[in-house]
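Asks: One letter stands for each residue in the lines below.
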Amino acid sequence: MSASIYSNSSFTDTPYGLKLQQTFTASSSSVVIPTGINRVYAIVIGGGGAGSTQTTGGGGGGGAGGYSAGWTYVSTSVTVGAGGTGTSTAGAGANGGSSIYGMVMAGGGSGGLNSTVSGAAGGATTPTGSTSVVSYTGAPASTAIGYASGGSAGAGNAGVSTGGGAGSATVTGTLTGGAGGRGLICGGGGAVGTAGTGTGGAGGTGDFFAGGTGSTGTGTGFGGGGGGAGFTSDGASASGKNGGNGGSGGGGGGAASTLGTAGSGGNGVVFLYY
Amino acid sequence: MNPNRKGQAGNPVSIGMQSASVTPFANTHFILPYGLRLQQTINAGTTSVTIPAGITFVYAIAVGGGGSGGTSGAFGAGGGAGGIAWGWTLATSSCVVGTGGTSGAGGYTRYGNVIAGGGAGGTSLNGILGGAGSGGTNAAGSTNYWGIPGGAANIGGSGSGAGGGSSTSTNGNTGTNGGSGISGGGAGGSSGSGSGTNTGGNGGNGLAGGGGGAATATTGTRTGGNGGNGINILTGAVTTGGTGTTGTGANGAGGGGAGIAGNGSSAVTTAGGAGGLGGGGGGGAASTLGTGGAGILYLFY
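So the sequence lines, in the order shown, correspond to chains A and B.
Going by our numbering, 182 is the number at position 182 of the first sequence; the sequence numbering is gapless.
Count along the second sequence starting at 1, add 274, and that's the number in our numbering.
Hints are supplied without guarantee of correctness; some may be wrong.
[Said to hold, decoys possible] These stretches of chain A come out as covered by chain B in the derived footprint (C-beta under 8 Å, 3 or more residues): (1) 16-23; (2) 135-144; (3) 214-228.
Because the hints were derived from the structure by calculation, they are not lab data.
Note that CB positions come from ideal geometry on N, CA and C, so glycine has one too.
Full structure from sequences and hints, please.
Replies: This is the structure in C-alpha cells:
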C-alpha cells in the first residue's frame, strides 16, 4: 500500500526564504494579504513599559515589550500595543500594551515599580512588577535572565526582551542608577535623585540599536535614566531629571528623578513575512 | 506571493533561496536542521557575527555554559549542564556565547531570539532557562526555551534541564546521580566522615552531560562519580563524560560531563574534571573543582 504525500506550501514551517512584506506601527482593521497567501510568518512586539518617578530619589526603569514570532493564519486586523506613557506623578509607571496578529501575540513591558524595583519585560502577555511572564515559545517566567527577563534591584537582567534597571531611594552621596538589560529589545535605565552627584542608568543596549544615556549632574535636577533600545530605533537619552523615551519597537522608558517626567515606552510593531 | 516560499519544510536550500544574488549550494547535505547547512560555529568570547547579505532568517542552536563543580563546602557536587535552545531567528550581527562556570553557574548564550541559560554551579542551585541543576540539595532543573519542563531536585529528575542529585553527608553512602534529559543534571557528592567507602554520584546524560560528584572526608575508599555522556548533534556520535578518581584517603574527585562538542575531562587525583565544550558540567572535588564547559553557538542557513 502506498501513501500519497500531501504537498502544500502553506504548511512549511520554516521562515527561510521569506521576505518582509508589511510593517505595522499602529493598529489597523484593514490588513490586506494577497489572494492565495493562507499563512504568514509574523514577528510581533509589544509596547515598552514606562519608567517610574518618585517623590524623593529615583524611579525604576520600564521593561521592554515582549517578542513573539511564528506562523499564523491571515487576518484582516492587527493590534499594535502602545508604549506606556511616562508621567510626573509619583508611583509605578504604566505598562505597555499587547500586540497581536492572528495567533501570534506579545505582551507589553511592565512599568517601573518604585525606586528599587524595575519593570520586567513582556512575554506572551503583559506582566506587572518585577517578575516576567511565560513567553510565546513557552520559555518560563523569570526574575533574572530569561527570554523575557525580570526586573531587578540593580542592573537590568539580560535576555531577548529585558527588564529595566533599578533606581535608588537614597537622597545623598554619589549615586548611579542601574542600566537596562542587554538584549534584542531592552529595558530603560533607573534614575537617582541625590543632593550629590547623580548619574542615571543607561538604557539597555540592543542587537540593532543603542540605549539612551542617563543624565549626570549635582542635585535632584539630574539623574534621569536613558530609554532602552527598541527593535527599530535607539532609546532616547535622559534630560535633567526626566527619563528618556524607549526606542520604537518596544524599548522600555527611562525612569525619572524626584518628580521629573518618566520616559514613555516605545510603541510596539508587527512585521509580516510571506 | 514570494516564489521562494514554495516547498515543504526541509526542502533543499536551492529551493529556499532568499535572494537571486546568492549562489545555490552545489549539494544539500542534510545535517541539522534538515535542508540547511552549518555555516558558522561560534565560541565563547565572540560577540559579533557576519551573515551574508540576502539571508534574513537563520536557524540557531544555542548552548549555555556548563556549571562548575562544587567543593567540599557544597558536598562536592557536580555542576549542571548548560541549557540548549534551537529555532529560527532573524539574522543579527551580534551574539552572546556563555563561558563555563569557574566557581558557579555557566553563562547564557543568545543569538537573536534564541536563548539558553547556563547550567547551575555545584552549590545547590537551580538551573536557568534550560540549564540543569547542580548536585546538592534542592537543586532543580529549569524549563527551557520551548517550555519543556525541568527535572525535580534531589532525585535527579528528568527534564529539559534535568534536576541535580542530592549529596549525602553520611559516611559510606553514595550521592544520587544527576537526572538525564536534554541537559544532564549534576550529581550529588558524598562527604561523610568515617572509614567507610564514600562514592559520588554520576552526572546525568543528555545532549550535554552533568558533572560527577566527589567523594571526600572519609579515611576509607573515595570514588568520584563519572561525568554524564552527551551527544555530538552534528554527527550523532556520543561524547563521553570523564571518569572520577578512586583511592584511599585521597582522590575521589568527579569527572567532567560531556558537552555537545567535546568530551568531558577525567578527574586527576583530587581535582575535578572540566566539562566538555558545549555545556558540560564540571566535576566536584574536595577543593579543586572542575570548571564548566564553555557554551557554543551553531548557525545554519
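Asks: Next step is simple, just say for each hint if it's right about the structure.
Replies: Results of checking the hints against the structure:
Judged by the Cβ-Cβ criterion of 8 Å, the region 16-23 of chain A is covered by chain B as claimed, because 6 of its residues qualify and three suffice. For a cut-off of 8 Å, the count of residues in the region 135-144 of chain A with a CB near a CB of chain B stands at 6, and the three-residue condition holds. Counting residues of the region 214-228 of chain A whose CB lies closer than 8 Å to any CB of chain B gives 0, which falls below the minimum of 3, so the coverage claim is violated.
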